[in-house]
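Visitor: This note's numbering applies: residue 17 is where the sequence shown begins, and numbers increase by one.
Hints in this document: simulated from the structure, not taken from any laboratory.
Keep in mind that a hint or two might mislead.
Restricting the straight-line Cα-Cα distance to at most 20 angstroms, the calculated cross-link-like pairs of lysine to aspartate or glutamate (DMTMM-like) are [said to hold, decoys possible]:
| hint | residue 1 | residue 2 |
| --- | --- | --- |
| 1 | Lys109 | Glu97 |
| 2 | Lys65 | Glu55 |
| 3 | Lys113 | Glu103 |
| 4 | Lys108 | Glu98 |
| 5 | Lys108 | Glu97 |
| 6 | Lys88 | Glu100 |
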Amino acid sequence: MTEKDTKSMPYGFADTNSSIDRGAKQIKELLPKICKAAEYENSIFSLAKALEKTQKLLNALENVIIPQYQHKIRFILATLEEREREEFAKLKKVKAKMESRDNG
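Using the sequences and the accompanying hints, generate a full structural model.
Guide: Below, the structure written as structure tokens:
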């Protein structure tokens with residue numbers, strides 16, 4: 017420990033032993049690492065929250081939104097097919113009428 021370090025110690029040397037000094041030095045050395053670990057933990061927590069939010073959106077897409085659109089697409093296709101069949105039937109009727117007029 018340097019003189020500068022001993023001046024900033026919040027205790028007197030007369031009432032303590034050297035293990036307090038070693039402990040204080042170790043805490044001083046570990047504090048930046050602890051802060052960095054807390055920073056990493058906070059980042060991981062934020063990422064986990066973002067991942068959870070993304071997972072909820074993905075579940076909503078997979079289980080609600082996409083099935084709704086698939087249902088709408090099937091409905092539209094069925095409607096178009098029905099209209100096509102109706103149009104084909106109308107054309108057959110018109111063709112039959114035209115042929116009966118031409119033959120009759």
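Visitor: Quick check: which numbered hints come out false for this structure?
Guide: none
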